[in-house]
Every structure is written in C-alpha cells, then in structure tokens.
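Assemble the complex: chain S is given as a structure, and chain E must be docked to it using the hints.
Below are the chains, spelled out letter by letter.
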Amino acid sequence: MTIDKRVATVEAALAGVPDGATILISGFGGAGFPNVLIRGLRDRAPKDLMLVVNTATHRYSLTHELIAAGLVRKVVCSAARGHERTLSPFENLWMANKIELEMVPQGTFTERIRAGGAGIPAFYSPVGFGTELAAGKETRRFGERDYVLETAITGDLALVRADAGDRYGNLSFRYAQINFGPVMAAAARRSIAEVRAVSDEPIPHDRVQLPGVYIDQIVVAP
Amino acid sequence: MTALNRLQITWRAAQDIEDGAVVNLGLGLPVHCSDYLREDIDVVIQSENGVVGAGPLATPEAIDTDLVDASSRRITLRPGATVIDSAASFAMIRGGHIDVTILGAFEVAENGDLANWDMGVAGRAPLVGGAMDLAACAREVRVVMEHVTRQGASRLLRTCALPLTAVGCVKRVYTDLAVIDVTPKGFVVREIVDGLSGQDLQAKTGARLSFAPDCGRLSAPPISSFESPHALRGSAEKTA
Numbered sequence: 001m002t003i004d005k006r007v008a009t010v011e012a013a014l015a016g017v018p019d020g021a022t023i024l025i026s027g028f029g030g031a032g033f034p035n036v037l038i039r040g041l042r043d044r045a046p047k048d049l050m051l052v053v054n055t056a057t058h059r060y061s062l063t064h065e066l067i068a069a070g071l072v073r074k075v076v077c078s079a080a081r082g083h084e085r086t087l088s089p090f091e092n093l094w095m096a097n098k099i100e101l102e103m104v105p106q107g108t109f110t111e112r113i114r115a116g117g118a119g120i121p122a123f124y125s126p127v128g129f130g131t132e133l134a135a136g137k138e139t140r141r142f143g144e145r146d147y148v149l150e151t152a153i154t155g156d157l158a159l160v161r162a163d164a165g166d167r168y169g170n171l172s173f174r175y176a177q178i179n180f181g182p183v184m185a186a187a188a189r190r191s192i193a194e195v196r197a198v199s200d201e202p203i204p205h206d207r208v209q210l211p212g213v214y215i216d217q218i219v220v221a222p
Numbered sequence: 001m002t003a004l005n006r007l008q009i010t011w012r013a014a015q016d017i018e019d020g021a022v023v024n025l026g027l028g029l030p031v032h033c034s035d036y037l038r039e040d041i042d043v044v045i046q047s048e049n050g051v052v053g054a055g056p057l058a059t060p061e062a063i064d065t066d067l068v069d070a071s072s073r074r075i076t077l078r079p080g081a082t083v084i085d086s087a088a089s090f091a092m093i094r095g096g097h098i099d100v101t102i103l104g105a106f107e108v109a110e111n112g113d114l115a116n117w118d119m120g121v122a123g124r125a126p127l128v129g130g131a132m133d134l135a136a137c138a139r140e141v142r143v144v145m146e147h148v149t150r151q152g153a154s155r156l157l158r159t160c161a162l163p164l165t166a167v168g169c170v171k172r173v174y175t176d177l178a179v180i181d182v183t184p185k186g187f188v189v190r191e192i193v194d195g196l197s198g199q200d201l202q203a204k205t206g207a208r209l210s211f212a213p214d215c216g217r218l219s220a221p222p223i224s225s226f227e228s229p230h231a232l233r234g235s236a237e238k239t240a
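Those protein sequence lines, which keep their order, are chains S and E. Residues in the first sequence are numbered consecutively from 1, following this note's numbering. Residues in the second sequence are numbered consecutively from 1, following this note's numbering.
The hints are simulated quantities; they were obtained by calculation from the structure and are not laboratory data. Where a beta carbon is used, it is the ideal one built from N, C-alpha and C, also for glycine. All the given hints hold, so there is nothing to weed out.
Partial selection, computed: residues in chain S whose CB lies under 10 Å from chain E:
{"#": "1", "residue": "Phe28"}
{"#": "2", "residue": "Thr55"}
{"#": "3", "residue": "Ile113"}
{"#": "4", "residue": "Gln209"}
Just chain S, same shape as in the assembly (with noise of 0.2 Å):
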C-alpha cells in the first residue's frame, strides 16, 4: 500500500463529522487558523459540537461563524471576551445560557491536550492554584509548593493549518504558525490539515516539524 492523505476537497476531507463531535482547532494571533476548513465544517452543519480553542472569537479566525450557526454546545478556551464594543456571537449566546463556556489558563489548556495525545490522563501544575478557575479541583502539596491536578484533553477531530505538507501527511509550519498544531493534532482520534501547499516530493526530514503519523487527511488551502 502506498501512503497518500491527500484528499481533493474540503468536502471530502470533512465527510462524516458526526454531530457532538469535540473538534480541536489550531491557531493563535491571526496565524495557523485553518479557516477554509472551519468554513467548510460550518457548511457541512454538524449540531451540539464541543469546540476545543484559544480564543472563542478572534478577528483573524471563523471559528465565531460556527458559534453563530448554533452548532456549538460549549467551547473551551482560555479566551472568550470579544474584541468589538459589541458583544460577539459567543457573548450573546453564553449571556442567554444558551452556550457552556470552560476558561482555562492558556499553558493548561495546551498542556491538557499534550497530555491528551500523549497517553497521560491528569497532571498536577501550579497555575491557577488559589484561584476560582481552580476551584473545586483536587490540589496536592509537592515540596513547598501546591498544585492543582488537571485532566488530559481529547478529542474527536483536530483542525490545523500549516505551511506545506506531503502525501505522508508530513507538515511544516511557518513561524507562529506552529502554536497548537501539534498537540491538537496528536490528541485527536482524526486530525485533518489544511495547507497552502502539498508537494510530490517528500518534505525534506529535517524540515518536518509534525510527523505525519498525526495527521489522517491533508487538503490544500492556498
């Protein structure tokens, strides 16, 4: 068998999302949003979605259009305050108890879902201990200092976008690009990436920053 993750089309590569799904999606600052891929899964409509994100609504990222839709049941972020003056499409459904939100501190967020990928289920870290985002969580006192115990994250499917990838499902990342893509990819049971471009020959192996290992489906994005 040869191995070949390319798919032709959004559409094919988003086939099968069932509804109540958690989808894991990349991206940070405007870089490594796989928007083409959140636009064609708000297309393709799967309901009471768990969205596992940084920021449950960035000007750079699409990830509000799916909220808007009303597919999605609860969003873990460590960032849900929208940037307008207006309230944004999250505020407005999160204000009517119509959407279930779950703030963690960002480096527990991404360490909750390295773990997820990487068979560990629960960590103990100091941040967060003595605060209300802590509470009601088991603690445990190492040497002078207290942590908190924090689960793994997983998922049913990651989002990610990178700079090139290969049929391999190989991928390289361009700068900040890089943010969550990796942990997502590998705490997902299918991970799908969209990049701006595939070529036929293999990435060179010193420039593969994500194994394709991780990676089920890549489609192009340019």
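Positioned in the frame of chain S, the structure of chain E alone reads:
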C-alpha cells in the same frame, strides 16, 4: 506633583530589566517596556505564543501574517530568535525559565496577590490567556499600573477584591506615583515622585506603606503619550 504618564511608567520598569534576562511582557501597557530597554543590554523577549526573541513591530511593508506576538501584533524577530509551539512555550514559562515577567494589574495586595484577569465587567465573557501561567511561574513578577482607578480608588490593597490571578507572586510595582517593593513586611516605597509627600502617597494607598531608608525620587524623561510606535500601530491590532 510630577506624576508619570503611562508610557513613562513602562520606561521606568524597563530601566530595571537586567542584561541577558529572558523577559515576558504582558498585554496592554507592559509590552511598551520593549521600546525603552537600555541600549547597553541584550535581552530575550519571550511571547506566550512561542516567539523566543521578539523584535520590534514590523513596518507595514514587512508585515508577515504568520509572525505575531501574544497581542496579535505583527512583529519581527531579533537575531538569534526562534519560534516554538504553544506547549513548549508554556513549558518554558511553567518550568521557571522566564527570568522576569512584567504584567498589568487591576489590583495588587500587600502580600503580593495579583488580580489582573477578570475586571468583573457585567456582560462580557472572561479572558485569562497566559496571565495565570506567567504570574504563577515566572521567576520574578513585576507590575506596571496606575496607582489609583479612574474613580480614585487605590489599586494597592490589603487584600484583592477582584478574582485572583495568582497568590503572593508580585515582587515590585511601578505606578505613576511610586516604585514599591512587596516584602514580607508589606509594601516598601523605593521611589516617590517629586512634590508628593509620604503622607499623600499613603492617603492614596489602601494598605500600610513603609519607606525605604534610601527612598529616592521617581522620575522619567519626557515621553509623549503618542510617541510609542506600539501606541500608534498597536491600537488597531489590540485583541486577545
């Protein structure tokens, strides 16, 4: 009285950044510290999204949309810089590899408690970002903020009223009126602006102050509020 303006507060904080330090500058006011670094020092500015060695903002013709900092601003890289993924970036932060973080704050308590992520504004969803990670795990946490709120209430308190970011983490506070250390004995004033008596400063502060024996004068060179390139181009990009 010669109170500092907001950019002058960041100038003063920048003067204390040690040569060779790995520094993380928080969103909002702290990021301006990078404009006033002493010329004789070399530092590594870490940004929570994984940039290790952030440089100045990109000029419009040099903008690269894949090269952004924690404030979503389009930046450049310093020589020797690299970009790592988010898990590695926060391992760097949580692992104690950041020498100094300078953060903004709503409130600081005399035991070093910090409140800077939830202003309790009704109707707006919360945003914590990397603030808790930085406050809990940087080797030293310093704060830049105005001494009192717009309503005149002290931001330096016996205990914070707003939700905490981290407990007992702040070591030094730079305000428009004073430089204040957080010590086991509470707030100790290291510098105070001209024309303000210790009694006046105490009256504007919601916790007991003591004054260092060598308490000096807090001053900064003239800086227009609009001088910073961050203030000009950063404003359009301000987002989570």
